[in-house]
Structure formats: structure tokens, C-alpha cells
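J.: Spelled out, the chains give:
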Amino acid sequence: MQETDTSIELVLDGQPIRVSAHGSVAGALLEAGVAWLRSSPRAHGPRGAFCFMGVCQECAIVIDGRRQQACLVTPRAGMTIERGGVR
Amino acid sequence: MTFPQRFDLIVLGAGPAGGRAALTAAAAGLTVILIDEQSAAGGQVWRKPRAERVPARTDGQHGEGLRAALDASDVTLALGRRVWSVTEGFRVDSLGPEGSMSCVADHLIVATGAHERVIPFPGWTMPGVMGLAAATILLKSESRLPGKRVVVAGRGPLMAQVAAGILAKGGRVVAVVDQMRLTGWLGALPALATQPRLLAQGGGWMGRVLASRTPWLFNHRVVEARGADRVSEIVVTSASGDRRALSCDALVIGDGLVPGTEVPRLLSARMWFDRLHGGWIPELTADFETSVPGLFCVGDGAGIRGALQAGTSGELAALAVARQLGRKTEPARLARLRRAFARASCFSDAVAAMLSGQTADVARIGPDTIVCRCEDVSRSEIDAAMAEGIRDINQIKHVTRCGMGPCQGRMCGDTVQELVALGSRRSREEVGAWTGRPPLRPVPLGDLVGSFDYGDIPVPEPAPL
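Protein sequences appear in the order of chains A and B.
Heads up, the first sequence stops at 1001 in the working numbering, and the numbers go up one at a time, no gaps.
Heads up, the second sequence stops at 769 in the working numbering, and the numbers go up one at a time, no gaps.
Each hint should be verified, as a subset may be incorrect.
Unchecked claim - Output of the computed footprint for chain A on chain B, the stretches with three or more beta carbons under 8 angstroms from beta carbons of chain A:
1. 429-438
2. 706-714
Said to hold, decoys possible - Have a look at the derived ranges for each label pair, beta carbon to beta carbon:
3. A:H958 - B:A639: 26 to 36 angstroms
4. B:L629 - A:A946: 32 to 42 angstroms
5. A:I922 - B:R668: 37 to 47 angstroms
6. A:T988 - B:S595: 35 to 45 angstroms
Said to hold, decoys possible - Which residues of chain B face chain A? A partial, calculated answer using Cβ under 10 angstroms:
7. Q342
8. R386
9. Q628
Hint data in this document are derived by calculation from the structure and do not stem from the laboratory.
Glycine included, C-beta positions come from ideal geometry on N, C-alpha and C.
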């Protein structure tokens, strides 16, 4: 598979954001300076990706309209990401 | 929905243990399916590196070797699939990009690996705080840094690997905050020297970190992470109580590894508490068979022993399955594998000792500290439940909701069991572990059911009156 350094544009909470296209959505956002992904359901504390291997579920956010773990999804141009909307 | 496919053997987990098991069984002429959640084989330790950017490394080559061998083998690869149910018999249900799939086999080898133990401290839920294993994934698989100024903390050789990895990519390590004393490392040297290649690798990481003049704070620990929407500062303390703040934008921290034992627990295999090898693990025969006939557990999920022994355990279990299915196996090969496994124990037990759960770390958790990240349950809430007389670990979960969130207790389970043991003055054996329950992983109900019309639902003929 050809992997390149292309930067792509995602839509994060309605705003365009440029990230590099490889790896995971969680990794790409972190590299772009976005660590906060959601608020915890009870204490509303800030949360971000924690285990990066699909175990902790901290990065479960709405990607392209479905609740998905950002550490298990590959970023694609035009992908819509809504942070914090998951209870 | 398709009918369940039948195989001689189902292997769960495509790391060094499961990969070797599947290859061995296929070479013995068995029909094998290998299922893993990740889209490439290799597990966490041999995770597929990002092409082009990552130079070929020794452990990456092991991963490449495994992936090439699997591609060339008769093993049916089911990658990128999430297993959500395993039932007796054995039937495994999974969900992948092409929808749900069921398969059945009389033999099941579970090689589901381990996950990280992070002992809670104030601020460990803050964005920018992540596991040591998480940082290795970012570095190896995504070729990305965890932050611009990173503090590396916790226990064991993974700290050296991560710190050296960050430096190699041109990143900055503010400090390594090591819970162990220097004498602890030196004391382990004779045992570590039994695997000279691995010792040299670990020594190389540590040497490169020290040569970069990165402060390595032995006998120190992180007591707090502070920040608004991302960690901006951490507080560390020495054993004598000297505190200082370190400015950073990422904290990677790990207090060892916990075996992933959901499947043997779900199938009611007999378990025992082995603190050295990570906690609750299944009782196993010399062939790695559990108390449930036909169910085998190998690799770190059967006790933390590392990649070296994972492969050997996978091969031994697969050969046992082949024997049970009437294939011949060479006794000399078995003897050689058993010797190799025993020989590697000296090294792996020394590392496992660094990675095992420490009661004192858990005893120090403050009352307001969040223990269960998913449900925001603090230590004081767990203590309050115990003060009301609740001692059963499952009841603690029902009353406080700790362990009931989407991670299904994987992040807090070991800590909560230790807290309940401490609070009720009982052993971990007496306290036990949470009952395993399906689904093994959260799955969207809609994906499980699939799309169908009412006409597709089979309606049985009404019974004649």
C-alpha cells in the first residue's frame, strides 16, 4: 500500500482542519494540536485518546455520523468529526 | 447473516503467540482461522510500522516475517474484525467491515495479549496523558510524537524504549520519572543478562537517553497532572517527599501490564492469581490448555512473559491441538520448545517483576482521585460502598458503577480489586475478579443486526389447533 505524507482536510466540529493522512484519526488530531476529544459523561472532565489500541474507549467520538474509536479509524479527506457529542 | 463456518482451530489474536500458533497448526494440516481487531498481524509488540518513514528494526523484521509467513500460508486471515462473543463449543462471533461473521471449531487458542496498568493519580484523565504502550504505538506505527515536551514515567524497560524513540524522532523528553531505584535495575542485571541480545537492546535505549542528558529521576513518581483541556504541568515527588513541577504537553505513563483474560473468564475456565505474571490468569497444562477441554491460552494473555515466550507458547499449544486431532508431532521438537520456554523464564520473570502490580501504589490513591475513567468513580465512592458492608467485587460494581462503562473494567479492574482487597483486609484470591460478560467489546447494535426487511424475518407456521 502506498503511504504518503499528503496533508488532507477534515471537518472538525464544523471547522476545516489540516492533518497528515497516515495512521489514526486520534494520532493525526494529536499531531495537529488537538488533544481534547470529549467530556466524560458524569463529571464532564476533559478526555483524550489514552490507550491508542482500542481498549479504553476514551477516543470514541462521532466520525462520519457513527460512533467510532478515533484510534482505530484512518483519516480520509472530508471526514466529519464531532467531538464531545457522545454520552 | 451467513452460516457459521467450521474450522479445526480458531485463533484469537494475531500477535507473536497467536501468529505462531496459527502457522504451526496450518503447517500440521489443520484448517485455521486467525482473527484480530487490528488491520495487520503482529499484535502490539510487532505492530506494522508505517511504511517509508520507519527504518527497518529488529522487532519490525520479526513482524514482517510473521506477516509474510501468514500471507504465504493456508491460514484464513480475518483481520480488522472485532470479536464480541465467544461461547462454548466453540463459536466465535465477530464484526468487521463486511458485517458480522460466525465461525465454529472444537479447538480455540486465545492469544489476546495484555493491556496497560496505569495506577490512578489526580489528572490522569487529562488529554495529553496516555499509556506507555500508547506512546510506542504512536512512535512505531504512526511515526508521530506524543507531544512537543514529553515526560515519560512509570516502571520497566518500556520507559527506556519510549524515551529513546522520542529522542530518535527529534522530540524532546523533559524527564524520565522512574518509580524504580537504580539499585533495582542493577539487581535485575544478572537475570537480564541471560538474554544478551535483549539486554543490549534495553541498555542501548537507556544509554541513548542518558547520553542526551535527559534527566532520569530514579525513585520518583508522578503525583499530579495539571492543565485545562490538555496537560501543561505535572508534579513529581521523590521517595523522601521532595516535590517539583515539570512543564510538559504530554505525559506517557505505565505501571506494568495486565493479561487480557476476558475469554477464559467468559468460558468459566479455572483462574488463579499470579501477581508476578500480571494478576488473574488461567490454570494451564504444560500444553497451555485451560480447565475447559479444547480451550488454550498463550502469550501475554496467559501471564506476562513477553514476545520471546509468546511465540513458543503458541507453537506448543498448536502442536497439542494437532495431536488431539490425530496428527503426529515430533517428541524432539516438543522437548526443544519446552526447554526454550524454560530457559527464557529467567529473563522474562525479571521483567515481569518490574511490571507486576504494586499494592503500595494502589494504597496511595487519594480519596478524590477518579479510579474508573468511564464512569468517573472516585476512590472515596468505592471506600464508601465498602463502609456500607459491601465486599463482593461484582456488588461493588453494581453499586458504584465502576467497571460498568464502555471499557468494561479493563482500565480499572486490577486497581479496584486491589482497593477492595485493601479495604476489606482480604487477599486478591478471596476478592476475585469481575465476572466476564458478553459482548466482549462494545458493538453497535445496528451493525450486529444488519439491514433487513420484515419479509426476511422467518415466521414459523402457526401450530395447528
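J.: When the structure is checked against the list of hints, which entries are broken? Sort them ascending.
T.: The structure breaks hints 3, 4, 9; every other hint is satisfied.
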